[in-house]
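S.K.: Sequence:
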Amino acid sequence: MLSPGERTLRSRIGAYRLHATHDAKHTTAKARQAFLDRFLDEVDPSHVLPEPERLRRAEYAKKAYFTKLALASAKTRRKGKATKEAAVEVGEDA
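In the numbering used here, the protein residues as written are 1 to 94.
These aren't lab readings, by the way, just hints derived from the structure by calculation. Even for Gly, the Cβ is constructed at its ideal location relative to N, Cα and C. Among the hints, a few may not be true.
Stated by the list, open to error - Computed Cβ-Cβ distance ranges for the label pairs, DEER-style: (1) E51 <-> G91: 52 to 62 Å; (2) P45 <-> K75: 47 to 57 Å; (3) P45 <-> E6: 41 to 51 Å; (4) A61 <-> A20: 15 to 25 Å; (5) T27 <-> S3: 21 to 31 Å; (6) A24 <-> L2: 35 to 45 Å; (7) A24 <-> E89: 37 to 47 Å; (8) L9 <-> L36: 50 to 60 Å; (9) L36 <-> L71: 17 to 27 Å; (10) R77 <-> S3: 31 to 41 Å; (11) D37 <-> E85: 41 to 51 Å; (12) R12 <-> V48: 40 to 50 Å.
As the list claims (entries may be wrong) - In silico EDC-like cross-links for lysine to aspartate or glutamate, where the CA-CA straight-line distance does not exceed 20 Å: (13) K75 <-> E85; (14) K62 <-> D37; (15) K63 <-> E42; (16) K62 <-> E89; (17) K75 <-> E59; (18) K68 <-> E51; (19) K25 <-> D37; (20) K63 <-> D41; (21) K62 <-> E51; (22) K30 <-> D41; (23) K30 <-> E59.
Full structure from sequences and hints, please.
M.R.: Pasting the structure below:
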């Protein structure tokens, strides 16, 4: 049985070999397309809108998705910074 560290190393070897022998754009094409299709289905699940309008709305849905991720990331970083500063203050008072 492999230890967690050995499993990590084995996985890393596999990933390196994959990227050494295949084009990353080719290996991830289906996943990227499914991700983009998600936004098309979100804005027009019935497929009744004209294609240019579907694409326009999907682009804004994608922008909203990534902006929401950025906001969550900023909140997490701010929380981490506050926690770190509080730990430093406690250390200074001791």
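S.K.: Hint by hint, say whether it matches the structure.
M.R.: Outcome of the hint check:
1. E51 <-> G91: 52 to 62 Å: holds (60 Å)
2. P45 <-> K75: 47 to 57 Å: violated (30 Å)
3. P45 <-> E6: 41 to 51 Å: The hinted range 41 to 51 Å holds for P45 and E6, with Cβ atoms some 45 Å apart.
4. A61 <-> A20: 15 to 25 Å: violated (36 Å)
5. T27 <-> S3: 21 to 31 Å: For S3 against T27, whose Cβ atoms are near 28 Å apart, the range 21 to 31 Å holds.
6. A24 <-> L2: 35 to 45 Å: violated (26 Å)
7. A24 <-> E89: 37 to 47 Å: For A24 and E89 the Cβ distance comes to about 45 Å; the hint holds.
8. L9 <-> L36: 50 to 60 Å: violated (33 Å)
9. L36 <-> L71: 17 to 27 Å: holds (22 Å)
10. R77 <-> S3: 31 to 41 Å: This hint holds: roughly 32 Å between Cβ atoms.
11. D37 <-> E85: 41 to 51 Å: Since the Cβ atoms of D37 and E85 sit about 43 Å apart, the hinted range of 41 to 51 Å holds.
12. R12 <-> V48: 40 to 50 Å: Given about 46 Å between the Cβ atoms, the range holds.
13. K75 <-> E85: The given pair, whose Cα atoms are some 15 Å apart, holds under the 20 Å limit.
14. K62 <-> D37: At roughly 10 Å apart (the allowed maximum being 20 Å), D37 and K62 satisfy the hint.
15. K63 <-> E42: holds (13 Å)
16. K62 <-> E89: Violated. K62 to E89 sits at ~41 Å, over the 20 Å cutoff.
17. K75 <-> E59: violated (24 Å)
18. K68 <-> E51: violated (25 Å)
19. K25 <-> D37: holds (17 Å)
20. K63 <-> D41: The hint holds at about 15 Å.
21. K62 <-> E51: holds (16 Å)
22. K30 <-> D41: At roughly 16 Å apart (the allowed maximum being 20 Å), D41 and K30 satisfy the hint.
23. K30 <-> E59: Holds, because 18 Å separates the two Cα atoms, which is no more than 20 Å.
Hints 2, 4, 6, 8, 16, 17, 18 from the earlier list are contradicted by this structure; the remaining hints agree with it.
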